[in-house]
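Visitor: What follows is the residue order along each chain.
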Amino acid sequence: MPNSLEVKNLSVERSNRGIIKDLSLSLAEGHLVHLKGANGSGKTTFLRALAGLIDPSHGEIFWNEKNINESTFSQSNLNYVSHSLGLAEELTTLENLSFLRAISRKALNKTVEASLETMNLKSFQDYQVAILSAGQKQRASLAQLLMFNCPLWLLDEPFNSLDAESCGVIESLIDDHMSNGGIAIVASHQKFQSSTVQQVVELK
Amino acid sequence: MITDTHNWSTLFILVRRDVLKTWRESADLLYPIMFFVLVTILFPFALSPETLVLKSFAGGLLWIAALLAMSVSLENLFKTDYSSGALEAIVLSGVPLLLVGLAKAIANWVLSGLPIIILAIPLALSLGIDTFSLSILLLSLTLGSATISLIGTSIGALSVGLRSAGMLNIVLALPFFIPILIFGAVATSNSQTGLIPEAELYFLAGLLVLAVTLTPWATASAIRTRLG
Chain Z
40 MPNSLEVKNL SVERSNRGII KDLSLSLAEG HLVHLKGANG SGKTTFLRAL AGLIDPSHGE
100 IFWNEKNINE STFSQSNLNY VSHSLGLAEE LTTLENLSFL RAISRKALNK TVEASLETMN
160 LKSFQDYQVA ILSAGQKQRA SLAQLLMFNC PLWLLDEPFN SLDAESCGVI ESLIDDHMSN
220 GGIAIVASHQ KFQSSTVQQV VELK
Chain D
35 MITDTHNWST LFILVRRDVL KTWRESADLL YPIMFFVLVT ILFPFALSPE TLVLKSFAGG
95 LLWIAALLAM SVSLENLFKT DYSSGALEAI VLSGVPLLLV GLAKAIANWV LSGLPIIILA
155 IPLALSLGID TFSLSILLLS LTLGSATISL IGTSIGALSV GLRSAGMLNI VLALPFFIPI
215 LIFGAVATSN SQTGLIPEAE LYFLAGLLVL AVTLTPWATA SAIRTRLG
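Those protein sequence lines, which keep their order, are chains Z and D. In terms of the numbering used here, the first sequence opens at residue 40 and continues consecutively. In terms of the numbering used here, the second sequence opens at residue 35 and continues consecutively.
Don't take every hint at face value.
Some, not all, of what chain Z presents toward chain D, calculated at C-beta under 8 Å [unchecked claim]:
1) S96
2) S115
3) G125
4) E129
5) L133
6) A141
7) S143
8) K149
9) L171
10) C206
11) V208
12) K230
Label pairs and their calculated CB-CB ranges [as the list claims (entries may be wrong)]:
13) Z:D215 <-> D:V243: 37 to 43 Å
14) D:L64 <-> Z:N106: 31 to 37 Å
15) D:L202 <-> Z:E104: 42 to 48 Å
16) Z:I170 <-> D:V87: 33 to 39 Å
17) D:Y65 <-> Z:L147: 48 to 54 Å
18) Z:N106 <-> D:I152: 35 to 41 Å
19) Z:S211 <-> D:L64: 43 to 49 Å
20) Z:G174 <-> D:S160: 51 to 57 Å
21) Z:M40 <-> D:F46: 33 to 39 Å
Simulated from the structure, these hints should not be mistaken for laboratory data. C-beta atoms are modelled at their ideal positions from N, C-alpha and C, and glycine is treated no differently.
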């Protein structure tokens, strides 16, 4: 059965303030959505709701036609890279990623070393995350995309702090994922060059 | 709760990571231990340098110092993992949150409970405690500190992301810690006066079993709630 993601009339409220109102989306394999919007428009909230970190106030989310709240949907289906990066500053890049790979219930893909190699971080693998530059931290976090074989990618501002070359690497990763039948939602307020974008959703 | 070998190895990996992370941040590691030593050393200045007086207060004194030092250690349990997004990444890895809560508690005990128990040996001897009472003190500290770590982890998870979480943790946790303090201190003082401390130790063991059974669930639920 091909993978699909369907969002029906999703609303999220925080402190009685509606952040997302009645958002509906339907994504099939190979479908890439560019989520746009100003700061505070709810891009991160939407991705967090899809990742199961926030309970929506209204609406439903279906993964492969099954409601994620009622089915056995697990986070093992998704790769979520948040803008807070998810790396412990006290540990090295290698330790952080090896730890995530070791505990994860997701299907494995590339090794940690190979993922870091692709992200041009092999020579920095033994550096503590605290001393890496913002761009290197971002690339280290995005290396998770290569380590796990997940059909759904939720990327929150993946191009933050990246130079043009690194942006190109990430875009080609996204393109590869799409050509392999993946589904992706990329929240970014930056211009997104990928030719595989099929839908642009602007949150207000 | 932990049914297969994968879960055991995951628990070990989670504990090892937390220990390594705190070890690298040496201030987090040393602060509670220094607190314990300093409080214990300062008491004789305020009370009396007389061995007989110190001996009679030693059990309660060491227990108060241990409890306060462990309360201090709770502040940073989830702080850096929350602010760096690492806690979110762990949750999204699909690992059972029960294991995350249990691992945090075990790591907290290894990094603050265990050093406090070890340091209690020379400190108790310097306060004039005899070897039998020392063994009871160490046993009560082992049972009590493990319970404190488990309860403290649940409370630490409840205050994840809140300002002044450290003070809030202590205020919320102290009512739960008072029975542990009472049974721990009374067990030691009973052993010093020739009474059998069996009942107090059984109570502490019972509290530990209760904490092991209930707190990982509470921690898991608190993590999920606070992240949302």
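Visitor: Next step is simple, just say for each hint if it's right about the structure.
Guide: Outcome of the hint check:
1. S96: Violated, because the Cβ-Cβ distance from S96 (chain Z) to chain D comes to roughly 12 Å (cut-off 8 Å).
2. S115: Holds, about 4 Å.
3. G125: Since chain D brings a Cβ to about 3 Å from G125 (chain Z), closer than 8 Å, the hint holds.
4. E129: Check passed: Cβ of E129 (chain Z) comes within 4 Å of chain D, closer than 8 Å.
5. L133: Nearest chain D Cβ about 12 Å off; hint violated.
6. A141: Because about 5 Å separates A141 (chain Z) from the closest Cβ in chain D, which is inside the 8 Å limit, the hint holds.
7. S143: holds, 4 Å
8. K149: Violated. Min distance 16 Å.
9. L171: Violated. Min distance 13 Å.
10. C206: Interface hint status for C206 (chain Z): violated (21 Å vs cutoff 8 Å).
11. V208: violated, 21 Å
12. K230: Constraint on K230 (chain Z) not satisfied, violated at 25 Å.
13. Z:D215 <-> D:V243: 37 to 43 Å: Since the Cβ atoms of D215 (chain Z) and V243 (chain D) sit about 52 Å apart, the hinted range of 37 to 43 Å is violated.
14. D:L64 <-> Z:N106: 31 to 37 Å: Given about 49 Å between the Cβ atoms, the range is violated.
15. D:L202 <-> Z:E104: 42 to 48 Å: holds, 44 Å
16. Z:I170 <-> D:V87: 33 to 39 Å: violated, 52 Å
17. D:Y65 <-> Z:L147: 48 to 54 Å: violated, 38 Å
18. Z:N106 <-> D:I152: 35 to 41 Å: Violated, since N106 (chain Z) and I152 (chain D) (Cβ atoms, about 52 Å apart) do not stay within the stated range.
19. Z:S211 <-> D:L64: 43 to 49 Å: Because 46 Å falls inside the window, the suggested range holds.
20. Z:G174 <-> D:S160: 51 to 57 Å: The hinted range 51 to 57 Å holds for G174 (chain Z) and S160 (chain D), with Cβ atoms some 54 Å apart.
21. Z:M40 <-> D:F46: 33 to 39 Å: holds, 36 Å
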